[in-house]
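**Student:** Line by line, the protein sequences give chains A and B. Heads up: the first sequence at position 328 corresponds to 328 in the working numbering, and the numbers run straight through without jumps. Heads up: the second sequence at position 70 corresponds to 70 in the working numbering, and the numbers run straight through without jumps.
Any given hint could be a false lead.
In silico SDA-like links for lysine to any residue, alpha-carbon gap of 25 Å or less [claimed, not checked]:
1. 203(B) - 175(B)
2. 63(B) - 783(A)
3. 411(A) - 118(B)
4. 409(A) - 111(B)
5. 779(A) - 118(B)
6. 411(A) - 120(B)
7. 708(A) - 12(B)
8. 110(B) - 728(A)
Simulated from the structure, these hints should not be mistaken for lab results. This structure is a prediction, so every number in the text was calculated from the model and none was measured.
If you want the building blocks of each chain, they are given just below.
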Amino acid sequence: MLLKKLIRTIGRYKAQFISMIIMITLGIGVFLGFNMEWVSLNKNTEKFLSDTHFADYRIVNENGFSKSDLEKLSAVEGVDKASRYISVNAEVKGTANTLGLTVTENREVSFFTLMSGDEYDSTSEDGMWLFDKYAQRNNVKIGDPLTVTYKDFELTGTVRGLIESGEYMICVRDETQLMPDFNTYGYVYVSPVMLKNAVIKKYGVFGEMAYDKLYPQINVLSDLSKSQITEKTERALGKTLLILSKNETISYSEAKGEEEEGKTMGLVLPVVFLAIAVLTMVTTMHRLTVNEKTQIGTLKALGVKDGKISAHYTSYALFIGVIGSLLGLGLGYFVCWFMLNPDGMMGTYIVMPEWKLYLPWWCALVVALIVGFLTLIGYLSVKKMLSGTASDALRPYTPKKFKNLLIEKNKLWNKLSFGTKWNLRDLFRHKSRSFMTLIGLIGCMVLLVGALGMNDTATGFINVFYQDVMNYETRIYLSSDGDKTTQETNAVAYDIASKTNGDYSASISVTVTDEPISLDVYGIRSGVVGFLSDDSKLIKLPTDGALVCMRVAKDYNLKIGDEFTVSPYGTSEKYTMKVAGFNRSLSKSISVSEEYAKTLQSDGVSLTDSSVYRINSVYVSADKETLKTTEVYASYKDGLTLQSHSDIVKSFEGFMDILNLAIVVLIVFAVVLGVVVLYNLGVMSYTERYREMATLKVVGFYDKQIGKLLITQNLWLTVVGVAIGLFAGIGVLNVLMIMLASEYEMQVVLGPITYVVSILLTFGVSLIVGLMVSAKNKKINMVEALKGAE
Amino acid sequence: MNIVEMRSVTKRYVAGEHTLNALDGVNLDLEEGKFIVVLGQSGAGKSTLLNLLGGLDSPTEGKIIVDGQDISKLTRDQLAEYRASKVGFVFQFYNLIPTLTVLENVALVKEIAPNALDPKKILEEVGLSDHLNNFPSELSGGEQQRVSIARAIAKNPKILLCDEPTGALDSETGVVVLKLLLSMAKNYGKTIVIVTHNQNIAKMADVVIRVRSGKITSLEENQTPTAVEDIEW
Numbered sequence: 001m002l003l004k005k006l007i008r009t010i011g012r013y014k015a016q017f018i019s020m021i022i023m024i025t026l027g028i029g030v031f032l033g034f035n036m037e038w039v040s041l042n043k044n045t046e047k048f049l050s051d052t053h054f055a056d057y058r059i060v061n062e063n064g065f066s067k068s069d070l071e072k073l074s075a076v077e078g079v080d081k082a083s084r085y086i087s088v089n090a091e092v093k094g095t096a097n098t099l100g101l102t103v104t105e106n107r108e109v110s111f112f113t114l115m116s117g118d119e120y121d122s123t124s125e126d127g128m129w130l131f132d133k134y135a136q137r138n139n140v141k142i143g144d145p146l147t148v149t150y151k152d153f154e155l156t157g158t159v160r161g162l163i164e165s166g167e168y169m170i171c172v173r174d175e176t177q178l179m180p181d182f183n184t185y186g187y188v189y190v191s192p193v194m195l196k197n198a199v200i201k202k203y204g205v206f207g208e209m210a211y212d213k214l215y216p217q218i219n220v221l222s223d224l225s226k227s228q229i230t231e232k233t234e235r236a237l238g239k240t241l242l243i244l245s246k247n248e249t250i251s252y253s254e255a256k257g258e259e260e261e262g263k264t265m266g267l268v269l270p271v272v273f274l275a276i277a278v279l280t281m282v283t284t285m286h287r288l289t290v291n292e293k294t295q296i297g298t299l300k301a302l303g304v305k306d307g308k309i310s311a312h313y314t315s316y317a318l319f320i321g322v323i324g325s326l327l328g329l330g331l332g333y334f335v336c337w338f339m340l341n342p343d344g345m346m347g348t349y350i351v352m353p354e355w356k357l358y359l360p361w362w363c364a365l366v367v368a369l370i371v372g373f374l375t376l377i378g379y380l381s382v383k384k385m386l387s388g389t390a391s392d393a394l395r396p397y398t399p400k401k402f403k404n405l406l407i408e409k410n411k412l413w414n415k416l417s418f419g420t421k422w423n424l425r426d427l428f429r430h431k432s433r434s435f436m437t438l439i440g441l442i443g444c445m446v447l448l449v450g451a452l453g454m455n456d457t458a459t460g461f462i463n464v465f466y467q468d469v470m471n472y473e474t475r476i477y478l479s480s481d482g483d484k485t486t487q488e489t490n491a492v493a494y495d496i497a498s499k500t501n502g503d504y505s506a507s508i509s510v511t512v513t514d515e516p517i518s519l520d521v522y523g524i525r526s527g528v529v530g531f532l533s534d535d536s537k538l539i540k541l542p543t544d545g546a547l548v549c550m551r552v553a554k555d556y557n558l559k560i561g562d563e564f565t566v567s568p569y570g571t572s573e574k575y576t577m578k579v580a581g582f583n584r585s586l587s588k589s590i591s592v593s594e595e596y597a598k599t600l601q602s603d604g605v606s607l608t609d610s611s612v613y614r615i616n617s618v619y620v621s622a623d624k625e626t627l628k629t630t631e632v633y634a635s636y637k638d639g640l641t642l643q644s645h646s647d648i649v650k651s652f653e654g655f656m657d658i659l660n661l662a663i664v665v666l667i668v669f670a671v672v673l674g675v676v677v678l679y680n681l682g683v684m685s686y687t688e689r690y691r692e693m694a695t696l697k698v699v700g701f702y703d704k705q706i707g708k709l710l711i712t713q714n715l716w717l718t719v720v721g722v723a724i725g726l727f728a729g730i731g732v733l734n735v736l737m738i739m740l741a742s743e744y745e746m747q748v749v750l751g752p753i754t755y756v757v758s759i760l761l762t763f764g765v766s767l768i769v770g771l772m773v774s775a776k777n778k779k780i781n782m783v784e785a786l787k788g789a790e
Numbered sequence: 001m002n003i004v005e006m007r008s009v010t011k012r013y014v015a016g017e018h019t020l021n022a023l024d025g026v027n028l029d030l031e032e033g034k035f036i037v038v039l040g041q042s043g044a045g046k047s048t049l050l051n052l053l054g055g056l057d058s059p060t061e062g063k064i065i066v067d068g069q070d071i072s073k074l075t076r077d078q079l080a081e082y083r084a085s086k087v088g089f090v091f092q093f094y095n096l097i098p099t100l101t102v103l104e105n106v107a108l109v110k111e112i113a114p115n116a117l118d119p120k121k122i123l124e125e126v127g128l129s130d131h132l133n134n135f136p137s138e139l140s141g142g143e144q145q146r147v148s149i150a151r152a153i154a155k156n157p158k159i160l161l162c163d164e165p166t167g168a169l170d171s172e173t174g175v176v177v178l179k180l181l182l183s184m185a186k187n188y189g190k191t192i193v194i195v196t197h198n199q200n201i202a203k204m205a206d207v208v209i210r211v212r213s214g215k216i217t218s219l220e221e222n223q224t225p226t227a228v229e230d231i232e233w
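Chain A on its own, in the form it takes in the complex (with noise of 0.2 Å):
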């Protein structure tokens, strides 16, 4: 019999049912979306670096190591395995495209997985196997011809498999490319055959020779510490290299990153969405249970004992609980589906083979955790009306007396009128009512200042840094020639710099104590090489000290005036630099002027004449294809690779395309929130005030006073509602951009339009929430409402 009253309750209270039902969902729905998303990224992700032996660490040595080197280092204790390996930029012939050029001579090393066609040969003399979202992209079909040339090397043969490799999960260029683009950045990687051929046929009799000194790196699995490897690595080989472990690469160490901003958003979205189910779930079953309070009385004046009457009760809130959770996670599902599938969000940007979505065991609990405290809160309800005797339960609830407001002792609170007076109690009578409410208009506006905000803070950096610090058209790669020095390279550079009027800069791999970190020496000629300060503004690099990168000057605690020692990779030189500033920077930066660089020595040698500093870059402002045709270019083409400004920024379209998206389902999710919760607070309101409208109906007043009167209530409320929200919602994003500082740079930015689409979007739903009750006053029936007892 109970059975058919809850389902009836349920049927009666249904706004209230609906609106719990909802804010569970959309709770549990998120928490359990962001959390799944980073615990199935990390599951899939570790899965296909092991599936394709994804290297622990990377021994790099640019002279290049040879056949006994790796037997030396395979005989290492703690090395389980290595390999040769090579991966170079190689451009396409007949494209403009560029693709890494990758061999491994193990295959149990920095290897792939198949996606379709013939198996890895690693004796096969003309075989490729392509990276088959480039292969997608540029419409290459297995079978078809493939020539690569790098340096003066040239490759041709035929592409037998697609494949897809750890070593390129995340397929950037370098690291300065914030997003991959497949159209124009792949991978291939070819047997070590084919490229010894490549090497004989250029060197002839010493294409032997050559080849053995060609591979820079030994990738090696192992499970020792960095610091063991490195000790035995150095000894085994006799001299001081730079090793890489897999958290210094930009596919180990972003996707990572990737997890740790799930993590960041598991935490600190559904904290919104769940406080306010479960400050919903208290509000509904308390006015529940007071409402039900004479029936209570009445079951147990028939003689049903308390423990069933409050498990009929509590089973309102399991109900709710369980249905929402369900809705809850159908919705996780689909969350972590949006973002984590081949097509999705993550795959512009990270690519695997596998994309499972894992459930993890502790989001089970958690949800399980959340329905027994929403069960309780039913409980703990339905116990208050329960206590004492069956007489005191049937009286109904007397709510507890009102006292006068303080601010009634302002002689101003006589001049208000009776509307304003009547709000400003109801507002305090109900102090949960109005609190809730603003609750949620609050989450609401948070939600749509972090949505808008985050996409202002994102274009707006993208936007700062490549349209006006970042100005070049073209930036030219100059490849690291195993035949030329360091000064013949530098020559180039000078060349092509002052015949293009280009800017020029040399990355240098220092450590500061363990970490690589990349020092960026930078000629300036015509500036349109800018830098961006830590307040976003666009500066000079200074000629008397570094700029530091804000990662950088956290990690290293370093301030304005201080000096601190950097060691290129694999030398014992030290340089000591003053700080002279502070950048954005995309990647983990110090950059320093040629000048600069100039006095800075070390045993009395000047960095620029070390034999690190070998420039690699150089931007100019002409575009790729004016100069493809001058006379510059084509002297020295064979060492050069082109990438454009337009290439760049357009890798960033897709990436903006999925954040608008999420934007879009977040703005969704903040109306969602703020109609279902100010839609049952105003039912809840009007239901409470039912007869005191009634009366003023009967007195005479219009519908419309008594719906302005509504209204006006619900507008005082928005109005702090926004205004708290605003910040609130700016403190969320820069707490958001701190957790995320070790990934990004980025600078809160809002514009104008986030506050006033925020402010309008929450006026809006408060304005038609308040409509919708309000149009309830139509249909107060004041013979009944007056008839009951008080």
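Here the structure of chain A is known, so what remains is to put chain B in place on it, guided by the hints.
**Tutor:** Frame of chain A; chain B shown alone:
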């Protein structure tokens, strides 16, 4: 002069296949300034009669003219205007606004009634000048009903409609309230209609109307109304 004229007034409620004639072709004339009591059993139609007079509801058929105005076909807003200017209500359960003080409960009529009287003066007259700043929950039932009467009078209406005004009060308090109601109505020259099932109240009335099954069964003029204090409760 008649303040109320009802002509063939029918109020029908339809619920599914059942039709209930709460009022069935009622014709009634009420003279201005009189004290009228409507008597009847529960469900007889007396409250329906009062609700129609008060503009809380509209008749299904027929015509109701109050103070020269036909109210049977008014729109919602026109009815609100009518309630604001022509009628004052006193209910069994007072129906005060709990979040407004005594003074504010009465003063709120100033926002809608064009000829509203001074709320303070009226409250003084009903003996509540010491409770102006109290909330309804701080008053006794009788005091609350006095506020309700003050609110009804303060609108300066043509007609006071009271639905079991003493129904929730003990007899002693009921007498005080009735006395007040009558004296206020008299002082301000208001027509007063009380709906009740309490036969005793009828003894005080100028006109007694009996209602049964939606019809008026009798209308008696009482030439010698008994004073409140002389009635045995």
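**Student:** Can the restraint linking residue 409(A) and residue 111(B) be considered satisfied, given a maximum Cα separation of 25 Å?
**Tutor:** Judged against 25 Å, a Cα distance of about 23 Å means the pair holds.
**Student:** Is residue 110(B) within 25 Å of residue 728(A), Cα to Cα?
**Tutor:** violated (42 Å)
**Student:** Take the C-alpha atoms of residue 779(A) and residue 118(B), compute the straight-line distance between them, and say whether it is at most 25 Å.
**Tutor:** This hinted pair is violated, its Cα atoms lying about 32 Å apart.
**Student:** Sort out whether residue 175(B) lies within 25 Å of residue 203(B), counting only the CA atoms.
**Tutor:** holds (13 Å)
**Student:** Has the given pair, residue 708(A) with residue 12(B), been kept, meaning a C-alpha gap of at most 25 Å?
**Tutor:** Given that 25 Å is the threshold and the Cα spacing comes to 33 Å, the pair is violated.
**Student:** Measure nothing beyond the straight line between the CA atoms of residue 63(B) and residue 783(A); if it is 25 Å or shorter, mark the hint as holding.
**Tutor:** holds (20 Å)
**Student:** Given the hint that residue 411(A) pairs with residue 118(B), does the C-alpha gap stay at or below 25 Å?
**Tutor:** Holds, at about 20 Å.
**Student:** Holds or violated: are the alpha carbons of residue 411(A) and residue 120(B) at most 25 Å from each other?
**Tutor:** holds (18 Å)
Violated hints, listed in ascending order, are 5, 7, 8; each of the other numbered hints is respected by the structure.
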